[in-house]
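These protein sequence lines map, in sequence, to chains G and Z. Each residue of the first sequence is one higher than the one before, counting from 1 in UniProt numbering. Each residue of the second sequence is one higher than the one before, counting from 1 in UniProt numbering.
Some clues are possibly wrong.
Stated by the list, open to error - Here are the computed distance ranges between Cβ atoms for each label pair: (1) Z:211 to G:141: 22 to 32 Å; (2) Z:200 to G:214: 39 to 49 Å; (3) Z:139 to G:156: 42 to 52 Å; (4) Z:173 to G:156: 23 to 33 Å; (5) Z:188 to G:156: 43 to 53 Å; (6) G:59 to Z:102: 49 to 59 Å; (7) G:249 to Z:185: 41 to 51 Å; (8) G:234 to Z:24: 21 to 31 Å; (9) Z:183 to G:146: 16 to 26 Å; (10) G:97 to Z:176: 46 to 56 Å; (11) G:59 to Z:144: 36 to 46 Å; (12) Z:102 to G:171: 22 to 32 Å.
To be verified - Pairs of lysine-lysine residues, derived as DSSO-like cross-links and limited to a Cα-Cα distance of at most 30 Å, are as follows: (13) G:169 to G:142; (14) G:149 to G:169; (15) G:247 to Z:247; (16) G:247 to Z:149; (17) Z:169 to Z:142; (18) G:169 to Z:247; (19) Z:73 to Z:149; (20) G:142 to Z:247; (21) Z:142 to G:247; (22) G:142 to Z:149; (23) G:149 to Z:247; (24) G:149 to Z:142; (25) G:149 to Z:149; (26) G:73 to G:149; (27) Z:149 to Z:169.
Simulated from the structure, these hints should not be mistaken for lab results. All figures in this text were calculated on a predicted structure; none of them were measured in a lab. Yeah, the Cβ is synthetic: ideal placement off N, Cα and C, and Gly gets one too.
There are 2 protein chains.
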Amino acid sequence: MSGWLAIAGLGPGDAALVTPEVSAALAEATDVVGYIPYVARVAEREGLRLHASDNRVEVDRAQHALRMCAEGKRVVVVSSGDPGVFAMAAAVFEAVEDGPEEWRDLDIRVLPGITAMLAAAAKAGAPLGHDFCAINLSDNLKPWALIEKRLRLAVEADFAMAFYNPRSKSRPEGFTRALEVLRAAAGDARPVIFARAVSRADESLRVVPLTYATPEMADMQTVVLVGSSTTRIIDRDGAPFVYTPRKVVA
Amino acid sequence: MSGWLAIAGLGPGDAALVTPEVSAALAEATDVVGYIPYVARVAEREGLRLHASDNRVEVDRAQHALRMCAEGKRVVVVSSGDPGVFAMAAAVFEAVEDGPEEWRDLDIRVLPGITAMLAAAAKAGAPLGHDFCAINLSDNLKPWALIEKRLRLAVEADFAMAFYNPRSKSRPEGFTRALEVLRAAAGDARPVIFARAVSRADESLRVVPLTYATPEMADMQTVVLVGSSTTRIIDRDGAPFVYTPRKVVA
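Chain G with its partners taken away, still in its complex shape:
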């Protein structure tokens, strides 16, 4: 029995952004577990079983992976981006804490990946080049009032911001409200970056001032970055560079 469980980040989409560490784990795995579109990114091969499941069953998926690991299998749970940022790692540890005592002694490793906000920031320039925060805008797992509170405090702290899961079909109104809260707290000027499907064939990047940002510019494939009060835009032919200087003058 030498099973292990690796919770691995596949990055934003491009195979050139998958770390060799993750590729090595996939090459040694007996079983891969994850949400359907992420498992679809893993090459099939003999001796590898792919277990794709729908979204919103994260804890079931985690328990399944832990059971297989306990049986001696070499299991990779795949997430897009980084598994520790609004992805499967927390779900697996929730399952460990609530599960049988012996799961605590399993060989569980988290393999980091390029998370969406960093891939998006790289495409735009360096908008997260100074202090910043990352907020999941989905209110599936927390009250909406807490999201609004965090948005207001993030503006007060003058963080640049990255928003994951900004908008879905089942909750179209949240992001509308988030933009209203931001405009009320931060004014109209600061740049907003809508980065969709970064590093994939259908990648798109759009930079607009907050006043022109509309809810329809985001969907679940989009990560949204909002500059701080010091974020700069460098105009040029083609897409501008957006960056937040390292220095803040007193």
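Please build the complex by placing chain Z on the supplied structure of chain G, with the hints as guidance.
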């Protein structure tokens, strides 16, 4: 003249955490520019010139890289971690904005990497599994009062936190004060992770409650993670798992 400039993240140290995209850029480069220990991580080969420079000359280094790019060279500026997180990308764009107009039209790309906080979080479990912020604790480029304000607001927002550059020989007192501010705002209980030299041969990871955290536990090789009010510790043989659940109950 087909010069280009890639600002590339080498990840925290282990070659298995360097993306294939970054390796490909290094394989095509004529010149590599960066801080001495990061340039030392690039393999020498014929046709590649290494330009290592001391710390605190980021803008000089950026200008040098931009000049070489304008001359038609294929230049990689290397950072550890991710270049967009408290690293060289913002410095390059500062130099572009302040430099000659023609620099704006250079072929400049940012190649993301595994940033220290995500490598550290992966080693510990999933402490950044819910909303979080990243703060550079150095007051070289911003007033200390702003750092304290951000710490207080981050506690009020109940973010998990990642601190870069927590402590250096030239400013030993800042981190002492940061721990005081955190204890006053957040109480004594929440877990603090001191992650030093993650993924390197001398890696160390230490998890202590805030009340037992001391300034000497950090140096410039350390990234410090602080849990939110909901962060959990799973005790086990060996190092505990630390994770922040996805769910917050109203």
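Outcome of the hint check:
Separated by about 29 Å at the C-beta atoms, residue 211 of chain Z and residue 141 of chain G satisfy the suggested range of 22 to 32 Å. The beta-carbon spacing between residue 200 of chain Z and residue 214 of chain G, approximately 46 Å, falls within the hinted interval of 39 to 49 Å. At about 20 Å, the CB distance of residue 139 of chain Z to residue 156 of chain G disagrees with the hint of 42 to 52 Å. Residue 173 of chain Z and residue 156 of chain G have their C-beta atoms about 26 Å apart, which keeps the hinted 23 to 33 Å range intact.
At about 25 Å, the beta-carbon gap between residue 188 of chain Z and residue 156 of chain G misses the expected band of 43 to 53 Å. Checked against the hint of 49 to 59 Å, the pair residue 59 of chain G and residue 102 of chain Z passes, with Cβ atoms roughly 55 Å apart. For residue 249 of chain G and residue 185 of chain Z, the hinted distance range of 41 to 51 Å is not satisfied, since their beta carbons lie about 26 Å from each other. Remark: the range hint 21 to 31 Å for residue 234 of chain G to residue 24 of chain Z is upheld by a beta-carbon distance near 26 Å.
Against the hinted window of 16 to 26 Å, the Cβ-Cβ separation of residue 183 of chain Z and residue 146 of chain G comes to about 23 Å, which satisfies the hint. Between residue 97 of chain G and residue 176 of chain Z, the C-beta spacing of about 33 Å breaks the proposed range 46 to 56 Å. Separation of residue 59 of chain G from residue 144 of chain Z is about 43 Å and conforms to the stated range, judged on CB atoms against 36 to 46 Å. Checked against the hint of 22 to 32 Å, the C-beta distance between residue 102 of chain Z and residue 171 of chain G comes to roughly 46 Å, which is inconsistent with it.
With a C-alpha separation of about 18 Å, the suggested pairing of residue 169 of chain G with residue 142 of chain G holds against the 30 Å cut-off. Simply put, residue 149 of chain G and residue 169 of chain G have alpha-carbon atoms about 23 Å apart, close enough for the 30 Å limit, and the pair holds. Only pairs whose Cα atoms come within 30 Å are accepted, and residue 247 of chain G paired with residue 247 of chain Z is rejected, the gap being roughly 35 Å. This hinted pair checks out: residue 247 of chain G and residue 149 of chain Z have alpha carbons roughly 16 Å apart, not beyond 30 Å.
Using a Cα cut-off of 30 Å, the hinted pair residue 169 of chain Z and residue 142 of chain Z holds, with the two alpha carbons roughly 18 Å apart. At most 30 Å may separate the alpha-carbon atoms for a hinted pair to count; residue 169 of chain G and residue 247 of chain Z meet this at roughly 21 Å. Taken as a hint, the residue 73 of chain Z and residue 149 of chain Z pair is broken in the structure, with Cα atoms around 44 Å apart against an allowance of 30 Å. Of the supplied pair hints, the one linking residue 142 of chain G and residue 247 of chain Z holds, its CA atoms being roughly 6 Å apart against a limit of 30 Å.
Distance restraint check for residue 142 of chain Z and residue 247 of chain G: the Cα-Cα separation of roughly 6 Å lies within the 30 Å cut-off, and the hinted pair is therefore satisfied. Between residue 142 of chain G and residue 149 of chain Z, the direct Cα distance comes to roughly 25 Å. Compliance with the 30 Å bound is thereby established for this hinted pair. With a C-alpha separation of about 16 Å, the suggested pairing of residue 149 of chain G with residue 247 of chain Z holds against the 30 Å cut-off. Restraint check: the Cα-Cα separation between residue 149 of chain G and residue 142 of chain Z comes to about 25 Å, which is no more than 30 Å; the hinted pair holds.
At roughly 16 Å between alpha-carbon atoms, residue 149 of chain G and residue 149 of chain Z fall within 30 Å of each other, so this suggested pair holds. With a CA separation close to 44 Å, the supplied pair residue 73 of chain G and residue 149 of chain G exceeds the 30 Å bound. About 23 Å separates the Cα atoms of residue 149 of chain Z and residue 169 of chain Z, which keeps this hinted pair within 30 Å; it holds.
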